[in-house]
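K.L.:
Residue strings, one per chain:
There are 2 protein chains.
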Amino acid sequence: MSHVFDEAITVSVGDDGVFHATTHPAYSNMVGPFGGITAATIVHAIQQHPDVLGEPLAFTVNYAAPIADGDWELHARIVRTNRTNQHWIFHIEQNDSTVSTGSAVFGLHRPTWGSTEPQPPTAPAVETVEPVEFPEFIAWAGNYDKRFVVGGLDGSASEDSTSTLWIRDRPERALDYPALMSITDSFYPRVFLRHGTYMAAGTISLTTYFHATPDELAAQGVDHLLATARAARFGNGHFDQDGQIWSGDGPDAVLLATTHQLVYFKDPQ
Amino acid sequence: MSHVFDEAITVSVGDDGVFHATTHPAYSNMVGPFGGITAATIVHAIQQHPDVLGEPLAFTVNYAAPIADGDWELHARIVRTNRTNQHWIFHIEQNDSTVSTGSAVFGLHRPTWGSTEPQPPTAPAVETVEPVEFPEFIAWAGNYDKRFVVGGLDGSASEDSTSTLWIRDRPERALDYPALMSITDSFYPRVFLRHGTYMAAGTISLTTYFHATPDELAAQGVDHLLATARAARFGNGHFDQDGQIWSGDGPDAVLLATTHQLVYFKDPQ
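Each protein sequence line maps, in turn, to chains A and B. Numbering follows the UniProt record's numbering, in which position 71 of the first sequence is assigned residue number 71; successive positions increment by one, without gaps. Numbering follows the UniProt record's numbering, in which position 145 of the second sequence is assigned residue number 145; successive positions increment by one, without gaps.
Treat the hints with care, as some may be off.
Just so you know, same-sequence chains aren't split out, so a pair can sit in one copy or run between any two.
Computed list of lysine to aspartate or glutamate pairs in DMTMM-like fashion (alpha-carbon distance at most 20 Å, straight line) [said to hold, decoys possible]:
id	residue 1	residue 2
1	K266	D6
2	K266	E73
3	K266	E159
4	K266	E117
5	K266	E7
If you're looking for bench data, these hints aren't it; they were derived computationally from the structure. It should be emphasised that the depicted structure is a prediction, and the values quoted were computed from it without experimental measurement.
Work the whole structure out from these sequences, hints included.
P.N.:
Take a look at the structure:
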């Protein structure tokens with residue numbers, strides 16, 4: 001039996017090289033599909049390309065308009081292939097309209113000096129933290145086991161927009177680049193936490209940097225990830241938020257991805 | 001007399017809507033032009049477009065290949081205009097080859113609730129910090145007055161990749177969006193600081209979020225900005241670094257922009 005995530009990111013390729021995808025009801029959001037599943041589908045599609053070089057390193061997607069339920073087309077092409085990296089641009093078409101644009105850099109992992117400067121957040125053991133459910137109108141969240149260490153949305157406003165949570169696909173699924181991509185967009189808008197309520201808000205532009213090597217993904221397997229996010233500045237209808245995805249807590253934890261987004265919001269009426 | 005920055009970001013528009021620009025020797029870098037001046041030129045060009053909506057909010061540029069000294073073409077187009085924001089994509093062509101790609105979101109600043117969570121770094125007064133000069137092969141840096149509070153490149157390795165500096169254009173120039181764009185790419189690669197030496201390194205992908213309103217830019221005028229940057233993870237040939245550009249220090253400082261980039265590097269031989 002296939003995993004619902006694999007069903008959702010499925011693409012087929014036409015003779016013209018255009019990828020065809022379809023929204024999956026299990027990953028719907030308040031308006032249109034969850035952005036993370038759209039981004040994961042793009043990463044997955046590029047990985048299928050016969051000329052792809054290496055693994056994803058940097059990925060930016062701009063959500064210009066909501067995707068409607070149904071079929072959509074991904075137009076992706078290689079702009080330039082260098083010795084160790086490859087530049088892609090893409091856009092999503094639906095009903096003769098461009099609804100998303102973006103770019104991706106894929107490339108090779110070469111052995112070099114390494115160092116990670118930030119520390120993972122401290123967190124109690126996964127099994128001691130209760131999973132929480134989001135309301136039904138956030139369908140996609142049902143496909144994640146989410147255990148908030150801080151910053152769960154419990155209805156109270158917070159002076160600090162930080163959320164830290166243990167997260168993995170539900171049912172369990174071994175981590176790969178599409179799954180990691182999706183999880184980097186799984187933080188709910190930080191403005192909800194500051195106000196303690198759902199509000200009109202949506203990601204405009206998302207950038208993820210993949211630090212994980214294929215070996216690090218394999219070592220992660222189905223274990224919970226430790227994810228943390230925080231906003232910088234809110235104001236004038238927008239805010240940005242930054243996130244980190246760690247393999248776990250403690251001194252040996254690996255920083256698998258960093259992620260940034262600009263979000264649109266409206267004041268609650 | 002025109003400012004060298006304005007000379008460098010000058011564009012002309014052809015009948016076909018293509019923008020024409022030329023590299024400026026005052027902003028050359030080790031290989032090709034300083035990425036910040038390229039990005040600033042793109043922001044400036046989009047601002048000239050008769051159909052532009054509002055001001056820059058999010059900007060991503062991918063440096064796929066070095067730009068050679070001389071003329072280059074910017075192909076920029078509006079993908080979608082929403083009620084309060086507008087999505088652009090662009091690429092740079094030179095000698096029939098695509099050397100950069102990217103996307104920009106412009107939009108309106110609407111009055112909403114606001115809050116800034118991070119604090120600016122602490123810093124001594126501008127006039128008590130000595131400006132430093134970079135070597136001549138980093139020509140562009142000569143157009144900035146740079147006063148490092150921490151993390152100046154003095155030849156010693158550091159365990160912490162943080163640099164904090166007072167910076168402004170030299171000669172003085174009132175801050176605008178192109179100037180702010182350029183300054184978000186003015187942090188030298190963090191790997192230099194960790195190793196205490198210049199190394200082969202170059203930005204692959206840069207994303208800047210503009211928080212500054214036109215009024216905040218006007219209030220800044222020619223005053224020094226307080227800029228800070230730090231890396232997250234180095235390894236396997238790449239690292240990412242994050243930066244913040246503040247209007248100054250202290251409790252009333254305004255966070256004008258946040259910025260992120262993925263950088264390629266080679267170990268020193």
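K.L.:
Now tell me if each hint is right for this structure.
P.N.:
Status of each hint after checking the structure:
Taking CA atoms no more than 20 Å apart as the test, K266 paired with D6 passes in neither setting, with 34 Å inside one copy and 36 Å between copies. For the homomeric pair K266 and E73, neither the shortest alpha-carbon distance inside one copy (30 Å) nor that between copies (38 Å) is at most 20 Å. For the homomeric pair K266 and E159, the shortest alpha-carbon distance inside one copy (18 Å) is at most 20 Å, but the shortest distance between copies (42 Å) is not. Taking CA atoms no more than 20 Å apart as the test, K266 paired with E117 passes between copies only; the shortest distance there is 19 Å, against 35 Å inside one copy.
Taking the shortest alpha-carbon separations for K266 and E7, neither the intra-copy value of 33 Å nor the inter-copy value of 39 Å comes in at or below 20 Å.
Violated hints, listed in ascending order, are 1, 2 and 5; each of the other numbered hints is respected by the structure.
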